[in-house]
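The listed protein sequences derive, respectively, from chains G and X.
When we follow the working numbering, the leftmost residue of the first sequence carries the number -8, and every step to the right adds one.
When we follow the working numbering, the leftmost residue of the second sequence carries the number 40, and every step to the right adds one.
Hints were generated in silico from the structure; no laboratory data involved.
Being a predicted model, the structure only gives us computed values, none of them experimental.
Some hints here could point you the wrong way.
[Claimed, not checked] Computed from the model, here is a short list of chain X residues facing chain G with C-beta under 10 Å:
1. Thr84
2. Arg199
3. Gln275
4. Glu300
5. Ala317
6. Gln318
7. Val325
Ideal Cβ placement from N, Cα and C applies to all residues, glycine included.
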Amino acid sequence: MIKALLLTLYTLLSASNSWAAGKSLSSADYLNIAFEGTPPAARMIWLSGKTREAYTRIMGHAPSRLRQAYWRSNQRSVWILETLGKEQLITAAFTIDDGRIHEARVLAYRESRGWEIQQDFFTRQFSDAALTEETRLDKRIDGITGATLSVRAMKRLARLALYLHQAMEAGS
Amino acid sequence: MNKYLLTTLFGLGLTGSGHTLAATDDIEALRKQVSELSERLDATTQLFDNGSSSTPGKTTIGGYGELHYNKLNNQKDGGSDKKELDFHRFVLFFGHRFSDTVRFHSELELEHALSKDSQCSAKDTDSDGQLDSFNCPDKGPGEVELEQAYIEFDLNDRHRAKGGVFLVPVGIINETHEPPRFFGVERNPVEKNIIPATWWEAGAALSGQLEMGFSYDLAMHSGLNTTGYDIRGGRQKSAKAKADKLAATARIKWTGMPGLELAASVNRQGDLTQGAGAQEIAATLVETHAAYELGSFGLKALYAKWDMDDDGTAAGKDEQSGWYIEPSFRLTPQFGIFARHNIWDKQAGDGIDSEYKQTDVGFNFWPHDDVVIKVDYQNQTVPNGKDEYDGINLGIGYQF
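All chains should be modelled from the sequences, with the hints used to inform the complete structure.
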């Protein structure tokens, strides 16, 4: 039985390392992709006043920082945000065009369960999502069994990215 | 224009220039001040933002718990009703991150609120030299249990290994049983009686992601220990567990579509008696399930079956099986209804009627995502002469 298990293990490890989707991606690499090789300099938006209130309402807690970085070129903005899943941080990037999510991507996932949220079939659901007046997403996002907390975290980050994009536009 | 006027005008011009120059100097000084203040503010904010962080500490604490009220009437003639208020589970998680690739996870549980040692007397009722009858009159109703305590290592981006005490990768509720995450006050009777959830063992395991939405778990661990085909009673709970014969579990899971999980597990026991029986009794559990969430609609279905060697004393217990199906619907994000039909048989290997059925209907109310209030009604159909509990269950639960 042990030999069979070891052989199975070797086969699994050898076969699966080439799969590209779901691997961690650095923020710099993501920005290069989002801005086609020429990312703009980072800017800052203050998380104060109404923005702070909206942040608290969306995330369920007040922000732990005073400002949030973002990158903007023309109508496109990119937000790289983090929040707690079950026990570890999830880092996700959101590219927003004209007030709608163009792409959502998990840059780093550190939990041992719920890894499925990194897969394209899950993040693709966020494409074209916008914010309602109640700061909810205007699209249904189907969850992943056993990853409820991670899915919830991604939805909150998506709402936050869209809200901050609106606040940035209003400030401009 | 006379000289006086010219002089006056010239003087005024000089004075005006002086004022203009002074105003310009003031503005320039103010600009410089604002610029300096802006730089200092920027530096201070940066310092603050760098110092504050949403990163959790290396050590984390979590938990869940649930209080139950069971008001069940026993339909058996002369049978006792079950009317209880019970803090069924109080669970704490402790975790620690040693590095980005090595972490510790644990789960400590107190069941039924009070665990108390007592003086026990023991007897050898069948004169075989083994103590087999224990009387512990002052023993508390509860137990303190170490359900999980393992170190996990990331082998690479996709695969990980762990060693310690962990939940056996089988079923739906065995690994995901925080109260806000399932319908019904009590855990479903099929997984409880057949799998038997909650089931944990000590050993080593590998898990990881494969292509196209597949993932796997492989585990080698301590086995069950029972001489009476009592699967649930055979859980050794990693407490000085006899390990004459180990056991192994393998699971394949597919989550390649949002909301859908399909999985199948196999568990193989080398010897249920751990060397204590007249002969080795090998056993195999096969389990398969589907769990689907599409918007507000949910559906779960599970089937599990044990096949065991028969040493001549099984009397049908060498085959035990069960299944259930559970549709659910969230009328609002905070309120959901469900129904569940369960069938299980712990003596399915003979022709005697030993099948249990239970139907549950009820609702969950989530005042917060991590808090739930539950109400359900259960109705049982049981073999002749067995306790048959019908009635209402109420519960409140939480997780953090």
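Evaluated hints:
no.	hint	result
1	Thr84	holds, 5 Å
2	Arg199	holds, 6 Å
3	Gln275	violated, 20 Å
4	Glu300	holds, 4 Å
5	Ala317	violated, 24 Å
6	Gln318	violated, 20 Å
7	Val325	violated, 17 Å
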